[in-house]
Amino acid sequence: MKKKEGDLQMKTKNSSRKALIKTVRKMVPAVLIAMISTALGLLSLYRSDVPMIQDFGSMLTIGIMIAFAIALFVFLPFMFVKDWFFKAEKVKKQKKIVKHNRFIHGLTGVILEFRYTVIVVAVLIAATGIYVDIDAPAETDLESFMPQDSEALADIEELRTIIGSTEQLAIVFESENILLDLESIQSVEDNLLTTYDDIIIETTSITTMFELLGITDLSAVDESTLDMIPVDQRKLFINDSYTKSVFNMNIVDLSDEEFDELLTELETYFNGLTVDYNITVTGQSIIDVELMKSLTTGRYEITLIGLGLIFFSLFAIYRKFSRAILPLLPIILIVGWSGLVMYLFDMSYTPLTATLGALIMGIGTEFTILITERYEEEKHKQKSDKEAIKVSLAKMSNPILVSALTTMGGFSALIFSDFVILSNFGIMTLVNISLALLSTLVVLPAILCVTIRKPKQIVHS
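In our numbering, the protein residues as written are 82 to 542.
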């Protein structure tokens with residue numbers, strides 16, 4: 082009896098050793114390739130001019146590398162030690178395709194029968210999505226990202242009610258001695274007040290301070306005149322070397338389009354002036370708008386760069402064009418599908434949703450690479466390439482589904498955030514992961530089937 086138990090334990094240990102070796106030889110290379118491609122895809126976020134987006138890409142890349150290292154050097158040894166030292170329960174040998182995977186096996190068969198229809202429909206939907214997404218709006222209002230019932234936002238609205246606006250522009254005048262140009266600057270300021278009387282609420286400048294002091298002859302102003310103004314107030318409008326002066330304008334709240342139009346008109350007006358000093362339009366409002374534009378633009382460039390990096394990495398590994406491009410085709414479709422979803426639900430891009438292209442490239446590429454790697458293995462075992470596709474999907478559907486569902490579970494927590502920007506990001510991440518899953522399980526088999534090369538028939542004369 083003891084001998085029988087010892088033989089069983091030895092058999093279990095040998096089985097564990099073989100399982101570990103097989104996992105390292107078969108599975109680890111595929112996951113490593115997926116990890117490398119995913120990391121390169123995420124590095125496309127460095128295309129952004131905004132440091133926070135670049136840091137986001139860096140942290141995602143570091144995160145997946147750490148996850149791979151933990152899986153390889155911690156999880157696998159843990160599973161091996163568990164099976165080696167602890168007696169395993171006797172279980173019935175599983176069939177090649179377990180019961181709940183028969184559905185995927187059968188579904189894949191149906192997809193292969195209608196492969197051309199599947200591909201055409203998928204491409205048409207993606208093309209429609211890309212078309213409507215090209216001119217998709219981007220939300221640049223920072224306040225729209227905040228919890229709409231927050232006390233801080235209510236205080237801002239109350240402040241606007243009292244003073245009229247919280248938006249401000251600063252016009253900077255610069256010359257060798259700004260005191261010599263005060264009359265010309267006053268003329269420019271008066272012209273702005275006349276032209277934009279419906280936009281400008283209030284203005285303050287160094288000339289305003291002179292008016293309060295009763296000084297009307299600006300040509301007589303010199304350094305001694307400036308000494309009449311308290312230092313703390315003077316520094317708000319002119320620097321110590323008298324080379325720069327600031328003209329502050331409080332303006333009404335404008336839409337993004339109206340604000341851009343105002344800036345264009347101001348630039349045109351200042352460029353047309355024949356003066357001996359330089360004029361620059363600046364202010365927090367401009368900084369906020371430019372920041373949001375940098376955050377929300379360039380998403381297609383990021384996606385294309387990411388796809389290019391993934392393709393060249395796969396081509397360097399496989400040395401074969403078809404194997405490098407196949408995993409990317411379903412991912413390209415997701416870009417269009419995602420754009421169509423945002424269009425149908427009237428959603429605008431935000432700084433976070435603009436990065437979804439790189440994120441979904443990473444997640445989706447992992448799915449497609451694992452499937453194509455399994456297919457390359459199964460086509461040498463199965464009686465036909467179509468059967469190899471069915472078996473590959475049936476065997477890999479569980480790991481991919483689990484991976485997708487756990488990822489969706491993590492991101493779903495963002496949906497319940499009070500911040501609209503985080504909630505929308507969570508929603509669109511769930512949608513895009515679902516689309517990645519759909520593309521992998523439905524479109525990829527059809528693409529694989531279409532690319533099957535028929536063996537050449539030898540004609541005997």
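Honestly, I wouldn't trust all of these hints.
[Stated by the list, open to error] Listed next, the in silico DSSO-like pairs over lysine-lysine satisfying Cα-Cα at most 27 Å (straight line):
{"id": "1", "residue 1": "Lys401", "residue 2": "Lys325"}
{"id": "2", "residue 1": "Lys325", "residue 2": "Lys99"}
{"id": "3", "residue 1": "Lys401", "residue 2": "Lys460"}
{"id": "4", "residue 1": "Lys107", "residue 2": "Lys325"}
{"id": "5", "residue 1": "Lys103", "residue 2": "Lys316"}
{"id": "6", "residue 1": "Lys316", "residue 2": "Lys401"}
{"id": "7", "residue 1": "Lys476", "residue 2": "Lys401"}
{"id": "8", "residue 1": "Lys476", "residue 2": "Lys462"}
{"id": "9", "residue 1": "Lys401", "residue 2": "Lys462"}
{"id": "10", "residue 1": "Lys99", "residue 2": "Lys462"}
{"id": "11", "residue 1": "Lys401", "residue 2": "Lys99"}
{"id": "12", "residue 1": "Lys467", "residue 2": "Lys401"}
{"id": "13", "residue 1": "Lys325", "residue 2": "Lys103"}
[Unchecked claim] Just the calculated beta-carbon pair ranges, DEER-fashion:
{"id": "14", "residue 1": "Ser300", "residue 2": "Gly353", "range": "20 to 28 Å"}
{"id": "15", "residue 1": "Ile206", "residue 2": "Leu113", "range": "39 to 47 Å"}
{"id": "16", "residue 1": "Leu519", "residue 2": "Val162", "range": "48 to 56 Å"}
{"id": "17", "residue 1": "Ile143", "residue 2": "Thr487", "range": "16 to 24 Å"}
{"id": "18", "residue 1": "Ile147", "residue 2": "Lys107", "range": "17 to 25 Å"}
Don't read these hints as lab results, they were simulated from the structure.
Backbone N, C-alpha and C define an ideal beta-carbon position, used for all residues, glycine too.
Proposed proximity, Lys460 with Lys401 (alpha carbon, max 27 Å): 17 Å, holds
Straight-line alpha-carbon gap Lys99 to Lys462, limit 27 Å: The given pair, whose Cα atoms are some 20 Å apart, holds under the 27 Å limit.
Holds or violated: Lys401 to Lys99, with C-alpha atoms at most 27 Å apart: 31 Å, violated
Pair hint Lys401 and Lys325, alpha-carbon separation not exceeding 27 Å: 62 Å, violated
Hinted pair Lys476 and Lys401, Cα distance within 27 Å: 25 Å, holds
Agreement of Lys325 and Lys103 with the hint, judged by alpha carbon distance not exceeding 27 Å: 72 Å, violated
Pair hint outcome, Lys107 versus Lys325 [Cα-Cα no greater than 27 Å]: Given that 27 Å is the threshold and the Cα spacing comes to 68 Å, the pair is violated.
Hint consistency between Lys476 and Lys462 [alpha-carbon to alpha-carbon, up to 27 Å]: Cα-Cα ~14 Å, so holds.
Supplied distance hint 39 to 47 Å, evaluated on CB atoms of Ile206 and Leu113: 33 Å, violated
Beta-carbon spacing of Ile147 to Lys107 - inside the hinted bounds 17 to 25 Å or not: Between Ile147 and Lys107, where Cβ atoms are some 23 Å apart, the hint holds.
Hinted pair Lys401 and Lys462, Cα distance within 27 Å: Given that 27 Å is the threshold and the Cα spacing comes to 21 Å, the pair holds.
Pairwise hint evaluation, Lys401 against Lys467, where the allowed Cα distance is 27 Å at most: It holds: about 21 Å lies between the C-alpha atoms, which stays within 27 Å.
In the structure shown, a violation is registered for the earlier hints numbered 1, 2, 4, 5, 6, 11, 13, 15 and 16, in ascending order.
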